[in-house]
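> Sequence:
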Amino acid sequence: MVHVFSAQGQKVKDMALPSVFQTPYHPALIKRAVLAVQSTRLQPHGKKPGSGRNNTAEYVGVRGKPTMYRTINVGHARLPRMRNRRGVLQGKVASVPQAVGGPSAHPSRVEKKLVENINVKERKLAIASAIAASVDAKIVKARGHHFDAAHFPLVVDSSFEKIAKTKDVMKAFESLKVSADAEHAKERKRIRAGKHKNRGNPYKQKKSLLIVTNHASPIMKAARNIPGIDVIPVQRLNAEHLAPGTHAGRLTIWTEEAIKVLATRGEQ
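Numbers given in my numbering equal positions in the sequence shown, counted from 1, plus 279.
Wrong hints could be hidden among the right ones.
Computed cross-link-like contacts, EDC-like style, restricted to lysine to aspartate or glutamate with a CA-CA straight-line distance of at most 16 Å [as the list claims (entries may be wrong)]:
1. 371 <-> 427
2. 290 <-> 436
3. 485 <-> 462
4. 327 <-> 390
5. 417 <-> 427
6. 485 <-> 453
7. 441 <-> 536
8. 441 <-> 535
9. 290 <-> 453
10. 326 <-> 390
11. 290 <-> 535
12. 290 <-> 427
13. 456 <-> 427
14. 483 <-> 466
15. 310 <-> 519
16. 485 <-> 466
17. 539 <-> 293
18. 450 <-> 462
19. 485 <-> 519
20. 465 <-> 509
21. 292 <-> 436
22. 403 <-> 536
23. 310 <-> 436
24. 292 <-> 536
25. 446 <-> 462
26. 292 <-> 535
27. 539 <-> 436
28. 500 <-> 447
29. 310 <-> 453
Keep in mind the hints are simulated off the structure, nothing from the lab.
Please model the entire structure based on the sequences and the hints provided.
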C-alpha cells in the first residue's frame with residue numbers, strides 16, 4: 280500500500296500498486312530498450328558518390344611509355360597523379376584517401392541500417408522494470424534525485440492533472456517536497472562539448488521529474504516549460520522517459536488514474 284497525496288501535499292488515501300511495480304530490476308535490458316528508442320531518431324547520411332575522385336588523376340604502370348605519360352620508374356611514389364598539361368597541378372597525387380582533397384577511406388553509407396530492433400517481449404519487460412525502478416527509493420537516490428522519504432513513492436490524486444498554471448505546479452512541487460530536485464535541474468544547464476554545439480541544440484539539460492498522467496490534461500501545458508520536467512500520458516510511456524541516458528530510477532509523479540490504467544492494460 281502507498282499513500283495518495285493531493286496537490287497540497289496532504290495524504291488523501293491509500294491504494295495498492297499493481298503487480299507491474301514488483302518487476303525485477305534489469306539494467307542491461309533497460310539500456311538496450313533506451314538505445315532502441317534513441318536509434319529511431321537517427322538520420323541516414325553518407326558521402327556523395329565520386330567525391331574526391333572528380334579529377335584527371337590516373338596511374339600508368341607501363342614501363343615502355345615516355346616519362347611524361349607514365350607514373351612508374353620516374354623517381355616518385357607509384358600513385359595516381361593529375362594529368363593537367365601546363366597546369367600547376369601537373370603531377371599532384373589525387374584520388375586516393377591519403378592525398379589532400381582525396382576521398383574518404385571508408386565513408387558512411389546511406390544504406391547502413393541505423394535503427395536497432397528489440398523484441399516485443401523484451402521491450403515490454405524493460406518498460407515494466409523501469410516502472411518498478413521509479414518507486415525504488417534506493418535506485419532513485421543513486422540517480423541523484425532529491426526527495427522526501429515521507430512522500431515517496433509520489434502518487435497524487437486526479438486533481439493534480441487539472442493544474443493549469445506553472446506557478447501552481449511549482450507550489451505543488453514544494454508541497455510534495457520535490458522542488459529541490461526541480462531547482463537542481465534548472466541550475467544544471469550547460470553547453471555541450473565538441474562540434475555538436477553547432478548543430479542546432481548547443482545546451483545540455485539535466486532531467487528532473489517525470490509526471491505520468493492518464494491522458495492529455497492541463498498540466499501538460501503548465502509544466503512543459505519547466506527545465507528538466509516531462510509530462511507524458513501513460514499510454515505513450517517508453518523506456519527513455521523512465522530511464523534518460525539509459526539510467527533507470529527517474530523521480531516520477533504518478534497520478535492515481537495513470538496507475539489504474541497500468542493495472543488494467545499497462546502490463547501489456
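> Look at each hint and say if it fits the structure.
Hint check results:
1. With a C-alpha separation of about 70 Å, the suggested pairing of residue 371 with residue 427 is violated against the 16 Å cut-off.
2. The suggested pairing of residue 290 with residue 436 holds, with an alpha-carbon distance near 10 Å, which does not exceed 16 Å.
3. Taking the CA atoms of residue 485 and residue 462, the gap is about 11 Å. The hint holds against a cut of 16 Å.
4. Distance restraint check for residue 327 and residue 390: the Cα-Cα separation of roughly 13 Å lies within the 16 Å cut-off, and the hinted pair is therefore satisfied.
5. At roughly 13 Å between alpha-carbon atoms, residue 417 and residue 427 fall within 16 Å of each other, so this suggested pair holds.
6. Between residue 485 and residue 453 the CA atoms are separated by roughly 19 Å; this puts the pair beyond 16 Å, and the hint is violated.
7. Among the hinted pairs, residue 441 with residue 536 is consistent with the structure: their alpha-carbon atoms are about 12 Å apart, no more than 16 Å.
8. Only pairs whose Cα atoms come within 16 Å are accepted, and residue 441 paired with residue 535 is accepted, the gap being roughly 13 Å.
9. For a cut-off of 16 Å, the pair hint linking residue 290 to residue 453 stands: about 15 Å separates their Cα positions.
10. Under the criterion of a C-alpha separation no larger than 16 Å, the hint pairing residue 326 with residue 390 is consistent with the structure, at around 11 Å.
11. Pair hint residue 290 plus residue 535 holds up; C-alpha atoms about 13 Å apart against a cutoff of 16 Å.
12. A threshold of 16 Å between alpha carbons decides the hint, and for residue 290 with residue 427 the separation of about 14 Å falls inside it, so the pair holds.
13. Taken as a hint, the residue 456 and residue 427 pair is honoured in the structure, with Cα atoms around 6 Å apart against an allowance of 16 Å.
14. Of the pairs offered as hints, the one joining residue 483 and residue 466 holds, with about 11 Å between alpha carbons and a cut-off of 16 Å not exceeded.
15. Straight-line distance between C-alpha atoms of residue 310 and residue 519 comes to about 9 Å, which keeps the hinted pair within the 16 Å bound.
16. Note on residue 485 and residue 466: the hinted pairing holds, with a Cα-Cα distance of about 9 Å set against a maximum of 16 Å.
17. With a C-alpha separation of about 13 Å, the suggested pair residue 539 and residue 293 falls inside the 16 Å cut-off, and the hint holds.
18. Among the hinted pairs, residue 450 with residue 462 is consistent with the structure: their alpha-carbon atoms are about 13 Å apart, no more than 16 Å.
19. Pair hint residue 485 plus residue 519 holds up; C-alpha atoms about 14 Å apart against a cutoff of 16 Å.
20. Distance restraint check for residue 465 and residue 509: the Cα-Cα separation of roughly 13 Å lies within the 16 Å cut-off, and the hinted pair is therefore satisfied.
21. Distance check on the hinted pair: residue 292 and residue 436 sit about 9 Å apart at the alpha-carbon level, within 16 Å; holds.
22. Restraint check: the Cα-Cα separation between residue 403 and residue 536 comes to about 20 Å, which exceeds 16 Å; the hinted pair is violated.
23. With a C-alpha separation of about 31 Å, the suggested pair residue 310 and residue 436 falls outside the 16 Å cut-off, and the hint is violated.
24. For the hint pairing residue 292 with residue 536, the CA-to-CA distance comes to about 14 Å; that is within 16 Å, so the pair holds.
25. Annotation: proposed proximity of residue 446 to residue 462 holds, straight-line Cα distance about 14 Å (limit 16 Å).
26. In summary, the hint linking residue 292 to residue 535 is supported, as the alpha carbons are separated by about 11 Å, within the 16 Å threshold.
27. A distance of roughly 11 Å separates the Cα atoms of residue 539 and residue 436; the hinted pair therefore holds under the 16 Å criterion.
28. Taking the CA atoms of residue 500 and residue 447, the gap is about 12 Å. The hint holds against a cut of 16 Å.
29. Pair hint residue 310 plus residue 453 does not hold up; C-alpha atoms about 32 Å apart against a cutoff of 16 Å.
Checked against the numbered hints given earlier, this structure breaks hints 1, 6, 22, 23, 29; the rest are met.
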